[in-house]
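*Asks:* Chain by chain, the residues:
2 protein chains.
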Amino acid sequence: MQIALYQFNAHIGNFEGNTRKMLAAIEEAKAIGADIICFPELATCGYPASDFLEFDDFILRCENAIMELARAAQGIAVAVGSPTRNPRLEGKDLYNSCYFLADGVVRHIQHKALLPTYDIFDEYRYFEPATEFNVVEYRGKKIALSVCEDIWNVGNENPLYTICPLDEVMGQKPDFIINVSASPFNYLHRDERINVCKANVERYHIPLFYVNHVGAQTQLIFDGGSVVTSPNGRIYDELPWFEEGMRMYSLEDVMKGERECVQEKEPIKLIHDALVLGIRDYFQKLGLKKAILGLSGGIDSALTAVLSTKALGAENVRGILMPSQFSSEHSVDDAIDLARNLGMEYDIVPISPMYDSFLQELKPHFSGKPFDVTEENLQARIRGTLLMAFSNKFGHILLNTSNKSEMAVGYGTLYGDMCGGLAVLGDVYKTQVYELSAFVNRNNIVIPENTIVKPPSAELRPGQKDADSLPEYDLLDKALFAYIEQRKGPGELIKMGFDEALVKRILRLVNMNEFKRHQAAPVLRISPKAFGPGRRMPIVAKYLL
Amino acid sequence: MQIALYQFNAHIGNFEGNTRKMLAAIEEAKAIGADIICFPELATCGYPASDFLEFDDFILRCENAIMELARAAQGIAVAVGSPTRNPRLEGKDLYNSCYFLADGVVRHIQHKALLPTYDIFDEYRYFEPATEFNVVEYRGKKIALSVCEDIWNVGNENPLYTICPLDEVMGQKPDFIINVSASPFNYLHRDERINVCKANVERYHIPLFYVNHVGAQTQLIFDGGSVVTSPNGRIYDELPWFEEGMRMYSLEDVMKGERECVQEKEPIKLIHDALVLGIRDYFQKLGLKKAILGLSGGIDSALTAVLSTKALGAENVRGILMPSQFSSEHSVDDAIDLARNLGMEYDIVPISPMYDSFLQELKPHFSGKPFDVTEENLQARIRGTLLMAFSNKFGHILLNTSNKSEMAVGYGTLYGDMCGGLAVLGDVYKTQVYELSAFVNRNNIVIPENTIVKPPSAELRPGQKDADSLPEYDLLDKALFAYIEQRKGPGELIKMGFDEALVKRILRLVNMNEFKRHQAAPVLRISPKAFGPGRRMPIVAKYLL
Chain V
1 MQIALYQFNA HIGNFEGNTR KMLAAIEEAK AIGADIICFP ELATCGYPAS DFLEFDDFIL
61 RCENAIMELA RAAQGIAVAV GSPTRNPRLE GKDLYNSCYF LADGVVRHIQ HKALLPTYDI
121 FDEYRYFEPA TEFNVVEYRG KKIALSVCED IWNVGNENPL YTICPLDEVM GQKPDFIINV
181 SASPFNYLHR DERINVCKAN VERYHIPLFY VNHVGAQTQL IFDGGSVVTS PNGRIYDELP
241 WFEEGMRMYS LEDVMKGERE CVQEKEPIKL IHDALVLGIR DYFQKLGLKK AILGLSGGID
301 SALTAVLSTK ALGAENVRGI LMPSQFSSEH SVDDAIDLAR NLGMEYDIVP ISPMYDSFLQ
361 ELKPHFSGKP FDVTEENLQA RIRGTLLMAF SNKFGHILLN TSNKSEMAVG YGTLYGDMCG
421 GLAVLGDVYK TQVYELSAFV NRNNIVIPEN TIVKPPSAEL RPGQKDADSL PEYDLLDKAL
481 FAYIEQRKGP GELIKMGFDE ALVKRILRLV NMNEFKRHQA APVLRISPKA FGPGRRMPIV
541 AKYLL
Chain U
1 MQIALYQFNA HIGNFEGNTR KMLAAIEEAK AIGADIICFP ELATCGYPAS DFLEFDDFIL
61 RCENAIMELA RAAQGIAVAV GSPTRNPRLE GKDLYNSCYF LADGVVRHIQ HKALLPTYDI
121 FDEYRYFEPA TEFNVVEYRG KKIALSVCED IWNVGNENPL YTICPLDEVM GQKPDFIINV
181 SASPFNYLHR DERINVCKAN VERYHIPLFY VNHVGAQTQL IFDGGSVVTS PNGRIYDELP
241 WFEEGMRMYS LEDVMKGERE CVQEKEPIKL IHDALVLGIR DYFQKLGLKK AILGLSGGID
301 SALTAVLSTK ALGAENVRGI LMPSQFSSEH SVDDAIDLAR NLGMEYDIVP ISPMYDSFLQ
361 ELKPHFSGKP FDVTEENLQA RIRGTLLMAF SNKFGHILLN TSNKSEMAVG YGTLYGDMCG
421 GLAVLGDVYK TQVYELSAFV NRNNIVIPEN TIVKPPSAEL RPGQKDADSL PEYDLLDKAL
481 FAYIEQRKGP GELIKMGFDE ALVKRILRLV NMNEFKRHQA APVLRISPKA FGPGRRMPIV
541 AKYLL
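Same order as they appear, the protein sequences are chains V and U.
Residue numbering for the first sequence follows our numbering, beginning at 1 and increasing consecutively.
Residue numbering for the second sequence follows our numbering, beginning at 1 and increasing consecutively.
No wet-lab data here; the hints were simulated from the structure.
Note: identical chains are not told apart, hence a pair may lie in one copy or across any two.
Taking lysine-lysine pairs in the DSSO-like style, the calculated list, with each CA pair at most 27 Å apart, reads:
#, residue 1, residue 2
1, Lys478, Lys495
2, Lys363, Lys290
3, Lys30, Lys142
4, Lys504, Lys289
5, Lys290, Lys369
6, Lys393, Lys369
7, Lys465, Lys393
8, Lys269, Lys310
9, Lys504, Lys478
10, Lys289, Lys369
11, Lys141, Lys173
12, Lys289, Lys542
13, Lys542, Lys393
14, Lys369, Lys516
Please take these sequences and the hints and turn them into a complete structure.
*Replies:* What follows is the structure, encoded as structure tokens:
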């Protein structure tokens with residue numbers, strides 16, 4: 001028996017496009033002799049479709065897509081994720097299901113039992129958990145179908161759940177397991193998927209065919225990396241990361257388990273590739289081509305420029321240099337060097353005429369008040385307004401260049417440098433920005449050396465340095481990681497060795513700037529806890545202020 | 001037996017403040033002879049505490065608050081909502097519980113079974129559902145404790161749920177029911193609470209004491225309106241809406257059911273009062289006093305000014321008039337009339353010097369391109385920048401004046417008129433803005449007549465009217481209500497009688513502007529489906545575009 005996996009870049013709500021791609025894959029799989037082709041979780045509508053799932057019309061279109069795929073399932077079977085309706089009045093309206101299509105009809109449906117409702121997941125908002133588990137028979141084999149999270153409670157060792165769906169079906173003696181997934185990337189997750197596949201196989205001693213989404217859905221980046229595991233626990237194959245594609249496997253060969261193939265994964269390269277894919281898909285799926293960004297001569301905008309030229313092509317990225325009287329000479333030079341290294345277009349628009357004009361008109365209203373954060377923000381907002389004017393006039397999308405450290409402590413101007421359609425580095429700490437820049441420069445210097453070595457500065461007042469207002473990034477990022485990713489409270493942080501006053505200061509900054517993040521651009525998620533839908537915090541609250 | 005209800009304006013994470021208020025209420029209740037005092041759901045930490053619930057330190061503080069309240073529970077019992085830890089490894093880490101405190105200790109804990117996970121609710125993200133149900137005995141009475149949603153599945157008629165928690169406890173023959181709630185306001189919800197209280201009593205024939213939160217938590221506005229229901233199904237009392245306060249009841253009198261007291265509720269007045277409370281609490285809970293807003297002479301900014309002066313006092317609200325060459329003469333006059341009617345401070349800052357300066361500097365880059373939405377947005381962004389400059393210089397918080405119709409179809413400028421800390425009218429359709437304005441002007445003219453009667457215009461180009469780009473608001477708002485609140489799809493809308501081309505146009509506008517709403521200010525929620533945490537939509541998607 002030949003089993004094909006198609007790791008698929010779906011587009012949410014693009015029923016025609018998603019179905020067309022899957023129909024083409026079915027034809028291709030038939031042509032190379034596949035018995036079964038597997039598509040990921042909720043492949044008809046894309047993942048996460050969010051509240052579109054509450055629209056009857058949206059579910060109808062999912063059902064129509066399944067009918068169309070079923071008609072094509074002739075001489076081949078199709079395992080594919082799609083929502084089904086809960087026929088009972090009680091409980092949520094939908095199930096998150098794996099369809100098994102064969103001989104032109106729906107042969108079997110297995111619902112998902114374990115519904116992730118943490119971090120970025122909201123599945124219990126829409127879906128009722130499965131209570132029945134059955135294999136489907138096809139061409140003499142019994143197949144256990146499962147959906148994503150249902151393989152993540154091996155031996156009931158995951159404290160989130162109380163049942164273990166595959167245990168329920170093992171009495172029916174399946175020959176192998178298919179798992180259709182939508183498992184997003186984060187750079188700490190890279191071994192977990194391999195480990196969970198092995199753990200399932202070690203428990204059940206049958207092959208596991210795991211197929212994942214690939215591609216970005218605004219913030220969420222799916223990495224692919226589909227996995228085939230042999231009964232002896234060896235990883236028979238792992239599909240590429242961040243690339244759409246199909247591979248076919250002989251069940252008999254997988255049973256033998258005579259090969260082991262796990263890709264090497266360098267975390268910094270994974271982050272790099274994830275971000276490039278995140279930018280590319282954001283533009284492609286919106287039907288857009290051209291990006292614009294402010295080039296300050298600093299490392300954040302430099303790295304954003306590098307990643308976006310890789311994603312979109314240098315000819316589609318335009319940099320705007322907007323020096324002020326507080327900009328250092330080298331800032332402009334460094335930005336020009338970068339643009340030339342990348343071969344991207346750039347313009348220079350000094351902001352002082354606008355800045356002077358605002359100061360002039362505000363003077364009678366501000367009489368006697370000294371220069372303060374108002375004038376700093378004013379510069380940032382004039383730049384945001386200029387960038388948006390280019391964006392509006394030429395149809396460019398503005399890329400935001402804020403990093404995670406800044407977003408965490410609110411070191412940025414709302415409606416100023418926080419403008420943009422997509423926050424490319426919003427989940428990348430400043431120390432990781434340096435690591436990524438070193439990675440980018442590994443073979444040849446793209447980001448000017450001076451951009452990397454100079455002390456970070458917003459250049460909004462004379463001689464300003466980030467270090468004047470913030471702890472050193474090495475220390476800050478460690479504390480932020482412990483608070484944000486690891487959810488350590490103040491007591492735990494102090495026990496970990498962080499200075500008490502520092503802990504208070506940092507936690508207060510993070511909490512009091514929730515209002516800024518609420519209005520931030522969507523952030524490409526590369527960590528297990530990104531700002532955005534995976535981290536939900538009150539804006540008006542008193543805790544740790 | 002005397003039972004006191006304290007409908008309580010909690011502040012999320014303000015453990016000291018919340019506990020202090022509850023301790024004072026306990027003393028007050030003791031002084032007037034209460035046997036039991038009831039506080040709302042999760043009263044220790046406030047509702048919704050969101051992901052703060054994932055921090056061990058936060059839960060510790062909840063536990064400390066409970067210990068402090070227990071120590072005060074001498075000679076009086078306390079029913080109060082607070083999280084408890086799930087002692088088992090399996091399942092979510094917490095329960096959402098009602099504590100019963102008496103004689104200085106925790107006498108009983110009843111967990112919540114029905115965990116709302118729809119609209120603005122995320123309870124399954126944090127909480128494990130209850131599986132055990134027991135009464136607590138106190139001073140010769142058996143009491144069924146319950147938490148919010150647990151009374152909302154009477155006779156299992158709510159399709160969302162499969163169990164009916166109070167049914168489970170009735171075998172133990174409770175004498176009455178206490179329900180601690182966190183049930184937010186929406187203007188269509190006003191009869192539902194009364195009806196559900198009656199339905200429970202009609203099923204169980206014992207009194208129900210229902211206590212709710214009051215006060216706003218950023219977007220969410222809790223209305224209070226706590227309810228006491230007699231065994232004969234009569235509403236014995238209903239506490240005021242939108243006001244904190246305590247009332248005490250004799251159980252014996254409630255048993256008799258000889259009175260009926262339901263407050264009259266005029267929807268437009270409820271919306272008005274909710275918005276005033278929403279603004280007031282946003283400022284009070286942030287420790288702020290002063291607001292600023294742009295006054296265009298139009299109805300949205302006029303109504304926002306009225307509501308904010310009611311919430312904060314006219315002396316704390318400052319209006320900025322920012323006319324351009326496209327502003328009509330009457331715009332400035334109308335805005336000045338309004339400011340004078342309200343007794344609020346105002347400044348005039350014409351935008352043309354900044355506008356000319358931007359145009360001048362952009363000219364070489366825009367060569368030959370005609371006036372378009374770029375220049376319109378530029379004006380809006382200069383205004384946003386000016387308002388934020390005042391905000392930064394004087395510590396005012398900028399109030400956003402966008403209405404729900406505009407936010408729905410993206411008729412607004414990101415980083416321009418979409419700036420602000422709080423979107424006061426973001427859940428109020430334009431037609432409701434007119435209704436509210438008429439309500440405000442009911443007794444004396446506050447909003448100038450001309451502001452109300454003139455055709456709406458953004459005044460960003462000569463002779464511009466909203467009706468040039470949008471369907472008439474009467475029609476638009478009806479279609480938006482059907483799509484947003486009622487979640488009707490395109491086919492259903494056409495069946496309802498809406499023109500097919502219009503439906504396509506409106507739905508496309510709503511869906512393609514998700515990116516703008518993603519960066520919008522938090523919206524005061526007054527409807528059953530507001531933009532914000534209750535409506536989760538993908539940004540990059542293809543559905544109905």
